[in-house]
Amino acid sequence: MQNCTCKVKFEFDNCADKLVSSLEYMLGQITPCIPPHADSNDILFRCKAIITELLTNAIKHAGKGSTRFDVESDGSKLIIRKTDTGMPLYLVNTRNNTVPENTAENKRLISADPLSSLYANWETENHIRFSSEEGSLDDFLSVEEVAEHFGILIITNSSDEFTYTYNKTTRENIFRVRVDF
Amino acid sequence: MITIVQESPKYLIGEVTITEANLSNSDEFKAELVKLLDEHHKILILDLQELKYVDSAFLGALVSSLKYAISLKLDIVLAGLRTDIRDLIKLIRLDKVFKIYNYAEEASFAVNKM
Chain E
1 MQNCTCKVKF EFDNCADKLV SSLEYMLGQI TPCIPPHADS NDILFRCKAI
51 ITELLTNAIK HAGKGSTRFD VESDGSKLII RKTDTGMPLY LVNTRNNTVP
101 ENTAENKRLI SADPLSSLYA NWETENHIRF SSEEGSLDDF LSVEEVAEHF
151 GILIITNSSD EFTYTYNKTT RENIFRVRVD F
Chain L
1001 MITIVQESPK YLIGEVTITE ANLSNSDEFK AELVKLLDEH HKILILDLQE
1051 LKYVDSAFLG ALVSSLKYAI SLKLDIVLAG LRTDIRDLIK LIRLDKVFKI
1101 YNYAEEASFA VNKM
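Chains E and L supply the protein sequences, listed in that same order.
Sequential numbering of the first sequence, starting at 1, is according to my numbering.
Sequential numbering of the second sequence, starting at 1001, is according to my numbering.
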């Protein structure tokens, strides 16, 4: 019987020339964890998109050190966690602290074009959950309106949950992505 | 990075010769696209069949180049995409802004009919 659980740790040295080999290594670790009932092509497509963007984010923002990846599966879902000590995400400390946590007021549009709208939802001061909505193409006038930054959108659209946490004590940025089988 | 394999009065077909397109080469890729548009002033059909890995930086460079092409009243048309790259483009709805064909020949036929 196939063992659909796994726990993998991986250190990425934030070098662009190791992006593809690191991606292939992690996909190779994930493949045996996909249970038979799941659509493995779809899961691997989504994981490829997510891990590529997390690696790209590490190269751009995590600085000179290394970035830790933890991949974990319990047979029903896959969790991919990226941890680094680079600069915090630009959204940290921009929450409206005058409204209670976990309320609609803490959901804010962070980018929008005629194709998609991307939202950040502050669940606590330093914990953000991302979500997206398809835009209406009725008002689409020109390609000039289309955004050119897609990293967070790709991860959001590929996952079942995508969150970012900034740990003030350890100064760690933690991106956590869940993919359900 | 881009090799011109065919030229007609209306279009250029450029084969993208890299297999990995990401933030390490996206600026250079965009600069090549802009140069081709400036020098030839024709619709650019990009044959991407060699491409295996792309990231958001590459897709951003493609969109930025498309905006430049449109400003010149030209276009950038995509062909030969692997299934997963085409699916990635659909995931963020860029299939609504790029014309996408299975093969470069099919794209050139469509461009000629425009």
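Because the hints were derived from the structure by calculation, they are not lab data.
One should not assume that every hint holds.
Here are some chain L residues pointing at chain E (derived, C-beta under 8 Å) [claimed, not checked]:
id, residue
1, D1027
2, E1028
3, R1093
Only pairs whose alpha carbons sit at most 30 Å apart, straight line, appear in this in silico BS3-like list of lysine-lysine [claimed, not checked]:
id, chain 1, residue 1, chain 2, residue 2
4, L, K1052, L, K1096
5, E, K107, L, K1090
6, E, K64, L, K1042
7, E, K60, L, K1096
8, L, K1030, L, K1096
9, E, K18, L, K1030
10, L, K1042, E, K48
11, L, K1067, E, K48
12, L, K1113, E, K60
13, L, K1042, L, K1099
14, L, K1113, L, K1067
15, L, K1042, E, K60
16, L, K1010, L, K1035
17, L, K1010, L, K1067
18, L, K1010, L, K1113
19, E, K18, L, K1035
20, E, K77, L, K1052
Even for Gly, the Cβ is constructed at its ideal location relative to N, Cα and C.
* Can the restraint linking K1010(L) and K1035(L) be considered satisfied, given a maximum Cα separation of 30 Å? -> 17 Å, holds
* Given pair status - K1067(L), K1010(L), alpha carbons within 30 Å -> Satisfied, since the Cα-Cα distance of roughly 19 Å is no more than 30 Å.
* Holds or violated: are the alpha carbons of K1042(L) and K48(E) at most 30 Å from each other? -> 34 Å, violated
* Do the alpha carbons of K1010(L) and K1113(L) lie within 30 Å of each other, as the hint requires? -> OK: K1010(L) and K1113(L) at ~10 Å, within 30 Å.
* Straight-line alpha-carbon gap K18(E) to K1030(L), limit 30 Å -> Holds. K18(E) to K1030(L) sits at ~22 Å (cutoff 30 Å).
* Mind checking the alpha carbons of K1042(L) and K60(E) for me, to see if they're no more than 30 Å apart? => 34 Å, violated
* Between K1052(L) and K1096(L), does the CA-CA distance stay at or below 30 Å? -> 22 Å, holds
* Per the CB criterion, is D1027(L) less than 8 Å away from chain E? -> At 12 Å from the nearest chain E Cβ, D1027(L) fails the 8 Å test, so the hint is violated.
* Asked: Straight-line Cα separation of K18(E) and K1035(L) no greater than 30 Å?
  -> 29 Å, holds
* **Hinted pair K1067(L) and K48(E), Cα distance within 30 Å** => The hint holds at about 28 Å.
* Please work out if K107(E) and K1090(L) have their alpha carbons no farther apart than 30 Å. => 26 Å, holds
* Restraint check for K1042(L) with K1099(L), where alpha carbons must lie at most 30 Å apart -> Holds, at roughly 15 Å.
Consistency with the previously given hints fails for numbers 1, 2, 6, 10, 12 and 15, ordered from lowest to highest.
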